[in-house]
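Note that the protein sequences, when read in sequence, are chains A and B. As numbered in UniProt numbering, residues 1 to 416 make up the first sequence, in order. As numbered in UniProt numbering, residues 1 to 416 make up the second sequence, in order.
By construction, these hints were calculated from the structure, which means they are not laboratory data. Bear in mind the structure is a predicted one, so any value in this text is a computation, not a measurement. One should not assume that every hint holds.
As the list claims (entries may be wrong) - Which residues of chain A face chain B? A few of them, derived with a C-beta cut under 7 Å, are:
hint : residue
1    : ASP9
2    : PRO18
3    : ALA135
4    : GLU169
5    : PRO171
6    : LEU270
To be verified - Away from chain A, derived, C-beta distances all over 12 Å, residues of chain B:
hint : residue
7    : ASP120
8    : PHE207
9    : ARG264
10   : VAL282
11   : ILE289
12   : VAL308
13   : VAL399
Unchecked claim - Here are the computed distance ranges between Cβ atoms for each label pair:
hint : chain 1 : residue 1 : chain 2 : residue 2 : range
14   : A       : LEU295    : B       : GLU293    : 40 to 50 Å
15   : B       : GLN163    : A       : LEU10     : 23 to 33 Å
16   : A       : GLN223    : B       : MET291    : 21 to 31 Å
17   : B       : GLN84     : A       : ARG12     : 24 to 34 Å
18   : A       : ASP30     : B       : THR61     : 15 to 25 Å
19   : A       : GLU156    : B       : GLU204    : 34 to 44 Å
20   : A       : ASP30     : B       : GLN287    : 47 to 57 Å
Built from N, CA and C at the ideal position, the CB exists for glycine as well.
Protein chains: 2
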Amino acid sequence: MKQASHSPDLTRLSRHIPRTPSIGSTTVTDEDHVHLSFGFAAPELFPLATLEQAAGEAIRTHGREALQYSGAPGPDDIVKWIEQRAHHNGLDVDSAHVLVTYGATQGLSLAAQLLLEPEDEVWTEAPTFFSALQAFRLSGAVIRAFPLEADGLNVELLEQALQEARATERPLPKLLYTMPTYHNPGGVTLSVAKRHRLIELAREYHFYVLEDDAYGELNFTGQPWPTLYSLAPERVIYLNTFSKIIAPGLRLGWMIAHPELIQRLRILMLGGSTGVFTQEIVAALLQNIDMNEHLERLRTHYRQQRDVMAAAIDRHLGDAVRYVLPEGGFFLWISFREVIDTTELQQRAFTYGVSIVDGRSFYPQRDVGHQLRLCFSYCNSEQIEKGIARLARAYTDYVAEQEAVQLNTLEYHNRV
Amino acid sequence: MKQASHSPDLTRLSRHIPRTPSIGSTTVTDEDHVHLSFGFAAPELFPLATLEQAAGEAIRTHGREALQYSGAPGPDDIVKWIEQRAHHNGLDVDSAHVLVTYGATQGLSLAAQLLLEPEDEVWTEAPTFFSALQAFRLSGAVIRAFPLEADGLNVELLEQALQEARATERPLPKLLYTMPTYHNPGGVTLSVAKRHRLIELAREYHFYVLEDDAYGELNFTGQPWPTLYSLAPERVIYLNTFSKIIAPGLRLGWMIAHPELIQRLRILMLGGSTGVFTQEIVAALLQNIDMNEHLERLRTHYRQQRDVMAAAIDRHLGDAVRYVLPEGGFFLWISFREVIDTTELQQRAFTYGVSIVDGRSFYPQRDVGHQLRLCFSYCNSEQIEKGIARLARAYTDYVAEQEAVQLNTLEYHNRV
Ligand SMILES: Cc1ncc(COP(=O)(O)O)c(C=O)c1O
Ligand SMILES: Cc1ncc(COP(=O)(O)O)c(C=O)c1O
């Protein structure tokens, strides 16, 4: 009756473990390979010198506390900075509304745990952020997705679905997950009118909104967007992160929500507050850096990179693709004709020396396969130009081959 | 039909959120107050200077990568160190068996997510680690607890329960959580014979064992204990942490398990590997520190503190309590007569200037209430002596008051 003693019993694992591993973990050692797949920050913009100084300072002045557990909500300084930045961005909050997290990724997990039980409905955009899908799958929730348009989530379809669900007594969502501003991967932004309508629906149908604002500060146009949180603080759980404005390796983000929710989210952290060591270092960094100046540098850089990428696409791919020029963030999302299979195109592009992410990864059912996510934040201009040229060559060869196959099939049929 | 617009709708939250917040988060500003409640490391033993140097080094030499996301399993150096330390402790592993986590706390969460769905059974020791109970509650699992003895978990009772469950077709556990070596809070260690028996049961009844070895290195006697993992690598998920041997504020721990399980646990991390920044700093620290020497310093210090506390208990509380002298770790667990209510005693002790943790917190049902957890790791000798003296005074006054109440009640009854 005993099983073989050297392999584990996989039949006993939870049914909710997602089968698909994470995206973007290619390890390519070829220096010439271009990574348009990595949704990474530009490393040359990391404030390294300031950070080294901040680390020394934090260890010298707060060392013993910084290395201890913190029973309390964590060091004050960082929470104060988050509060002030939130005010600056039009969110009316105090420290009871703030929870420092291990990146926005932990924020996603905590929000899922706060609300979702197996079979609950969570509604998302399609495409949407890959790790959010994983967090929702893990809670055993049912995911239903609504298309993006040039001005963000199709709120009209959402409304129809809500009405229909109510009329037919089918399950209503407990949570709607959205990236209203500078979407990953879609690159689009939700219009102000749709923001208001979405909030009305949340109130009418009693669902929570999980607003992921990871890219909100990377605004290339200067046009301000009202956060959903500012429109309905009692209905919205807001996520943000230092990953895009300082550095992802720090793993530091935050949630903003009603104090009643924050209190419960804190319980879900199991008594470990977020690493005090990193918090003290980042707090010292934030003291020593002029954030508005730093953000201007990032915005200028990323805007230029976006322009380089858009120009390269126009030049090399031309009419083969459609896209909406993103007004902020990291990503350019391109759509081919529907007959193009981006899973195959991605593989071919890889052998041509460029990595991109197949759009399927961002659809809960992986059922839309003629789109790609390109990231303009990580590579320099030269690499972007080179990468897009390679993608275009891969596309041309792929199409030629497809046509040859069709011709062959046609000839074959004609002959038979 | 609309709800008041300023409070969130709490009816829609998951039913699995634990109601009890974390323990040990008292904020007392009185300098004279003694914290025998904190399960904290002794801050004077943190290698601060080496850490500051390591932080500078890591930022200068690995800055740009350390601040980036890591798609891969994370920096090699720290995984290599974990591998080597595991070999040193008799675990036969390579890098495919290792997952670096955000503290052992994340390890607990990940193990719960890997295995448990709502209504699954997880069996634990009673008392057991508070945050583990929280992680299991959060997964909606049913917790069943088995008593500790002077030589660890009562494996005989466990066996009876397994037999009975099988005979009556009641649910068998999917997971057994145990701290075999230097238990928190119990201070006891599982005998070698019981370790072997426990593993036989795991194989016979097909449950996984979650072995929490957070204190394993803090060995005061020199006697080595075989880890459960070394006895059954296919049945055991092993947890450890840098919190007790370097510093908890770093939030860095690790899991050891079969590669098939590690691969799935990695998926549960949602594509965020554990913070590269902290990993690089700790890797540099581990390069610059003589770990065996450092551990000897910790062991000597904590052994002395244990002795100070045990002597103070013998002197001040004498026959009022029983305890097993811990052979390692941070905690001394004392039992009063069963008529003593430690919830009340704890409150009184607090007003006398000493914090301790009511033993109830470590029981899944909070149904055993005549025990206390005392921590000898954080306070210095003088504070320990003072704290135990205060606890003894609180105890004496509490007992005197109880007896007075009983006498009064008796008199009242006699008069009526
Ligand atoms: C939309 C979105 N949310 C959250 C995250 C995760 O951020 P963090 O690094 O803080 O975990 C990302 C990072 O890629 C993201 O794109
Ligand atoms: C038994 C046990 N496991 C795990 C932990 C958590 O360790 P970490 O700080 O690595 O999350 C602790 C810390 O108190 C502990 O006592």
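**Report entry** Non-conforming hints, listed in increasing numerical order
**Finding:** Failing hints, ascending: 4, 5, 7, 8, 9, 10, 16, 19 and 20.
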